[in-house]
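Chains as they are written, first to last, in my numbering: chain L, 262 to 452; chain S, 7 to 182.
Calculated directly from the structure, the hints in this document are not laboratory data. There may be inaccurate statements among the hints.
In silico EDC-like cross-links for lysine to aspartate or glutamate, where the CA-CA straight-line distance does not exceed 20 angstroms [as the list claims (entries may be wrong)]: (1) S:Lys114 / L:Glu314; (2) L:Lys286 / L:Glu306; (3) S:Lys141 / S:Glu42; (4) L:Lys400 / S:Glu118; (5) L:Lys404 / S:Glu118; (6) L:Lys286 / L:Glu303; (7) L:Lys309 / L:Glu279; (8) S:Lys141 / S:Glu51.
Restraint ranges, calculated between C-beta atoms of paired labels, are given here [claimed, not checked]: (9) S:Thr115 / L:Val424: 29 to 35 angstroms; (10) S:Tyr165 / L:Val424: 29 to 35 angstroms; (11) S:Leu166 / L:Leu413: 22 to 28 angstroms; (12) S:Ala177 / L:Gln372: 30 to 36 angstroms; (13) L:Phe425 / S:Tyr179: 19 to 25 angstroms.
Computed from a predicted structure; not experimentally measured. C-beta atoms are modelled at their ideal positions from N, C-alpha and C, and glycine is treated no differently.
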Amino acid sequence: MSDVESAHQQTGTAPLAEVFWSFLKIGGSAFGGSTQAMMHREVVERRKWVDDEAFLAGFAISQVLPGANPVNLALYMGMKARGGLGAVVAVTAMIIPAFCIIMLMGYAYRQFSGLPITHFILGGVAAVGIGATLAVGAKVSSKLPRDVLTFLIGLAVFLAVGVFRWSMLPVVAIAVPLSIGLAWLHVRGAK
Amino acid sequence: MDNRLLGLFLVFAPLSLLSFGGGQAIVADIQYQTVELRGYLTNQEFSDMFAISRAAPGPSTLIAALIGYHVAGLVGALVACFAIYVPSSLLVYGVSNWWQRNKVSPLKTAIERGLAPVAVGLIFAGALAVIRAAKVGPLEIGTILLCCALFYFTKVSPYLVVLSAAAAFAAAYFIA
Numbered sequence: 262m263s264d265v266e267s268a269h270q271q272t273g274t275a276p277l278a279e280v281f282w283s284f285l286k287i288g289g290s291a292f293g294g295s296t297q298a299m300m301h302r303e304v305v306e307r308r309k310w311v312d313d314e315a316f317l318a319g320f321a322i323s324q325v326l327p328g329a330n331p332v333n334l335a336l337y338m339g340m341k342a343r344g345g346l347g348a349v350v351a352v353t354a355m356i357i358p359a360f361c362i363i364m365l366m367g368y369a370y371r372q373f374s375g376l377p378i379t380h381f382i383l384g385g386v387a388a389v390g391i392g393a394t395l396a397v398g399a400k401v402s403s404k405l406p407r408d409v410l411t412f413l414i415g416l417a418v419f420l421a422v423g424v425f426r427w428s429m430l431p432v433v434a435i436a437v438p439l440s441i442g443l444a445w446l447h448v449r450g451a452k
Numbered sequence: 007m008d009n010r011l012l013g014l015f016l017v018f019a020p021l022s023l024l025s026f027g028g029g030q031a032i033v034a035d036i037q038y039q040t041v042e043l044r045g046y047l048t049n050q051e052f053s054d055m056f057a058i059s060r061a062a063p064g065p066s067t068l069i070a071a072l073i074g075y076h077v078a079g080l081v082g083a084l085v086a087c088f089a090i091y092v093p094s095s096l097l098v099y100g101v102s103n104w105w106q107r108n109k110v111s112p113l114k115t116a117i118e119r120g121l122a123p124v125a126v127g128l129i130f131a132g133a134l135a136v137i138r139a140a141k142v143g144p145l146e147i148g149t150i151l152l153c154c155a156l157f158y159f160t161k162v163s164p165y166l167v168v169l170s171a172a173a174a175f176a177a178a179y180f181i182a
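For reference, chain L alone in the conformation it holds in the complex (with noise of 0.2 angstroms):
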């Protein structure tokens, strides 16, 4: 393979227009959580700018690394559709139609809140936002490694921000570096 081909690998050379587009109709079919669903059939299947084991890479990627996943996940395809420029055409082609519906709800409340019944009804919606989170808490924890310094950590983490309230950043600079050392030392102790 030549370095010309292999760089092409690495970056490709789709139009601009097209990642565009691909990103704008993936952001604006959002609704439900199928975006891996249908990112997968336009960049894999459709426009084949990258095949499943990349397509998996970028996955594990967006989901480990700090960001909306959606949003890692484009950025990652956008970029081995067109470099640098694929990526941030593709995370400003999916973010556009849901920031366009966010500002109209945005713009809806403004002109609603002075009544009392928006803040019941929204009420009820945070609620129901509420037991979402919950339930992803406790599906990502009924997946971690059951042992008492996992526990721990989480715990520690829950206490620090959520209860006590102190800020974010020292705690996750303590504790990230803290659990990915414990999680090297067992990794290594279990070759």
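Dock chain S against the given chain L, drawing on the hints supplied.
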């Protein structure tokens, strides 16, 4: 006005790098900084914004854009959006190449294993922050428990649940 734009940037840009698993992990600190530290919102407004961001399609991190809009209009929304997405995106961009070169490394396993409990702790802290900010009565507690069970055990569409809850609360408002 300019101070508020800078303030929005300073709230959301660092949180961008802490948003493990998305917006749910940083909800607690968003509430603390925008309500208690800077006084941009009341607890009522924060709870409403949380609700709207959950009812809207797209990533829950867009609560940043919503707060930005409320604090400083459309420019505020754009600044907050920029702040919440650019730092994490730069990190993802930088890490992507390294990640692909090292297909199965013990360090990757350690990073995945190590981040998970921290993210779990932050998610529960976020739920607690919203419970504190919202006015939670028996009706809301019932809704929280019901929805938690629904989302844990079934694959029901979140939008269907949000719509049903909004309709049920609207009905309850007129009955009570």
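Verification of the supplied hints:
1. S:Lys114 / L:Glu314: holds (16 angstroms)
2. L:Lys286 / L:Glu306: Since the Cα atoms of lysine 286 of chain L and glutamate 306 of chain L sit roughly 15 angstroms apart, the hinted pair holds (cutoff 20 angstroms).
3. S:Lys141 / S:Glu42: holds (16 angstroms)
4. L:Lys400 / S:Glu118: holds (16 angstroms)
5. L:Lys404 / S:Glu118: holds (12 angstroms)
6. L:Lys286 / L:Glu303: Given that 20 angstroms is the threshold and the Cα spacing comes to 9 angstroms, the pair holds.
7. L:Lys309 / L:Glu279: The hint holds at about 12 angstroms.
8. S:Lys141 / S:Glu51: Cα-Cα ~11 angstroms, so holds.
9. S:Thr115 / L:Val424: 29 to 35 angstroms: 31 angstroms Cβ-Cβ, so the 29 to 35 angstroms window holds.
10. S:Tyr165 / L:Val424: 29 to 35 angstroms: holds (32 angstroms)
11. S:Leu166 / L:Leu413: 22 to 28 angstroms: The hint (22 to 28 angstroms, Cβ to Cβ) is violated, given that leucine 166 of chain S and leucine 413 of chain L are roughly 38 angstroms apart.
12. S:Ala177 / L:Gln372: 30 to 36 angstroms: Between alanine 177 of chain S and glutamine 372 of chain L, where Cβ atoms are some 22 angstroms apart, the hint is violated.
13. L:Phe425 / S:Tyr179: 19 to 25 angstroms: About 36 angstroms separates the Cβ atoms of phenylalanine 425 of chain L and tyrosine 179 of chain S, which means 19 to 25 angstroms is violated.
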